[in-house]
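A.B. asks: Here's the letter readout for the chains.
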Amino acid sequence: MDKNELYQEVLLQYSKRPKNFGPMECATHAADGHNALCGDEISLALKIENGSLSDARFTGSACAICTASASLMTGEVKGLSCDAVKKLAHDFREMARTGSGDGLPPRIQVLDRIHLFPQRVKCAVLPWETLLSAMEHEVGGK
Amino acid sequence: MDIPTIREQFPFLGEKVNSHDLIYLDNAASSQKPDRVIRRMSRFLESEYANVHRGIHLLSERATDAYESARREVAGLIHARDESEIIFTRGTTEAVNLVMNTWGRKHIKAGDTILLTEMEHHANLLPWQHLAREVGARIEYVPILENGTSLDLEIAATLLSKKPKLFAFVHVPNTLGLENPAKELCRLARDQGITTFMDAAQSVGHQEVDVQEIGCDFLACSAHKMCGPSGIGALWGRSELLATMPPFLYGGEMVDRAFYDKPAIYRDSPARFEAGTPPILEAAGWGEAIRFLREVGLENIQSHSAALANLASQRLRAIEGLHIFGPEKRASGIVTFSMEGVHAHDVAFFANERGLALRAGHHCAQPLMRKLGSPASSRASFYLYNTEAEVDALIAILREAVSFFR
Ligand SMILES: Cc1ncc(COP(=O)(O)O)c(C=O)c1O
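One line per chain: the protein sequences are C and H, in this order.
Heads up, the first sequence is in this note's numbering, so the first residue is 1 and it goes up one at a time.
Heads up, the second sequence is in this note's numbering, so the first residue is 1001 and it goes up one at a time.
Okay, chain C solo, but in the shape it has when bound (with noise of 0.2 angstroms):
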């Protein structure tokens, strides 16, 4: 196993190239995550209209793993219902421990092999992490 095949080309491209990168207008929800390991740092906004997930975006500085699984993960939560995304995202940290994806969304996949890579577990987790997080902070502290 070497570098190529854990920063697969899809990888690249989407960290590269991030998706639904940027701020937000008028979020409902956010929250910031940090990975106090190797500095990445992503801000995370949501809009939560009637209990589902109607937009995710995020800003920030982080490694080309953690950029990835952001990109994908904003692209595959919304729409989905809360408890859809809460089911994903212990889907999602299950598989960056185990490598075991069966039932994700294939596009989100590609990230399966990620746990042969013990450091960079935390770089794939946290964007699901902050969102966790950030399903439980409205805007404005209500």
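For the record, the hints were derived by calculation from the structure and aren't laboratory data.
What you are looking at is a predicted structure, and each value in this text was computed from that prediction instead of being measured.
Some hints here could point you the wrong way.
To be verified - Reference listing, derived: stretches of chain H covered by chain C, where coverage requires no fewer than 3 residues with Cβ under 8 angstroms from a Cβ of chain C:
#1 1342 to 1348
#2 1357 to 1364
Claimed, not checked - With a straight-line Cα cutoff of 25 angstroms, these simulated SDA-like cross-link-like pairs (lysine to any residue) come out:
#3 C:K122 <-> H:P1367
#4 C:K16 <-> H:E1400
#5 C:K122 <-> H:G1341
#6 C:K16 <-> H:G1341
#7 H:K1371 <-> C:A31
#8 C:K16 <-> H:S1403
#9 C:K16 <-> H:V1402
#10 C:K16 <-> H:H1323
#11 C:K16 <-> H:E1353
#12 H:K1016 <-> C:P118
#13 C:K122 <-> H:D1026
#14 C:K16 <-> H:E1320
Glycine is no exception: its CB is placed at the ideal position from the N, C-alpha and C atoms.
On the provided structure of chain C, position chain H with the ligand as indicated by the hints.
C.D. replies: For chain H with the ligand alone, kept in the frame of chain C given last:
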């Protein structure tokens, strides 16, 4: 200084990563150990080990000799007046906490000011912030100039003229590749009667450090940064100050007389500050590391490390979008940089695949790196066993990383 002969003495250089030679440029985090330190430690365990200062028996005498001879080595290394001024700790971090808890709690009161600098490692930042919050003191910071090229010495003089109780500063920061003008800073402080604490984790064992010449009141350093083992370091303090300080930890060895019903009477420095069984094996190893470094020559080590850092930074500047923090000319073996479009964590991971050990992240100086506008950066740090060929490899690998990630 004969680098090939020095390299022969470092067994770690035989390691391979994915069949690449290992190139170790993470010396600012910790240094590798020469054979003679490793052998000294195993010999010590084989035939000299026991607890110190406690037995009348042969092994305890041998262990005590080794432990106390390491104290003399440290005293000699930094030119302490007396070896009783050397207190063994777990490292720099514990030395700062020791002074914070003893001298600090005794002297820092509500409304007092503690002066630090913006370039401190968390080790010389968080203990003082904690104390200040607890007692209601204030912290002020000597600012850095643009891009961390140096401290703002004019503002330093102004802040010192306001007579803070303590000025704690880093001698050689672990990020910026510079050396602070310690002697000048201590003179300014002394003129105002301010106590000075110097974090010398990156300077002792890397260059000549003479506490008499510099004129500080306390100094802290760590063995693992200078070819010695982890788990031991030292606090040096002027004996007049140490004599007035309450103990740090309480227990065996630090007490002269203990009673059921009366307060104990404590011993003098250094025993007063070394409660419990100390890092005995580590002291034996550290003593040997210091003998090794002094034989090689500290000035040689400093000029070699700084020359490699200067060579590396000149060549790094030629890489487009690469930004180096700190002054143009390197005074220490440290080069911290960021690369547009390539995150530090990816750089370190990519480099490791090719046998190159770099540091990525905030380098335990989060406020500084935030101020410099780079929450994550890469760092290459050189020491006596590094070579120009390793600088070549660094540059080649970074160029490759740029084309891979950008
Ligand atoms: C400038 C500086 N101060 C303090 C420390 C802390 O040293 P230690 O971890 O050995 O206690 C370090 C090393 O990490 C350092 O580079």
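A.B. asks: Next, verify each hint and record whether it holds.
C.D. replies: Here is how each hint holds up against the structure:
no., hint, in the structure
1, 1342 to 1348, "holds (count 5)"
2, 1357 to 1364, "holds (count 3)"
3, C:K122 <-> H:P1367, "holds, 22 angstroms"
4, C:K16 <-> H:E1400, "holds, 16 angstroms"
5, C:K122 <-> H:G1341, "holds, 21 angstroms"
6, C:K16 <-> H:G1341, "holds, 8 angstroms"
7, H:K1371 <-> C:A31, "holds, 22 angstroms"
8, C:K16 <-> H:S1403, "holds, 12 angstroms"
9, C:K16 <-> H:V1402, "holds, 12 angstroms"
10, C:K16 <-> H:H1323, "holds, 20 angstroms"
11, C:K16 <-> H:E1353, "holds, 21 angstroms"
12, H:K1016 <-> C:P118, "holds, 20 angstroms"
13, C:K122 <-> H:D1026, "holds, 22 angstroms"
14, C:K16 <-> H:E1320, "holds, 17 angstroms"
In this structure, every one of the numbered hints holds.
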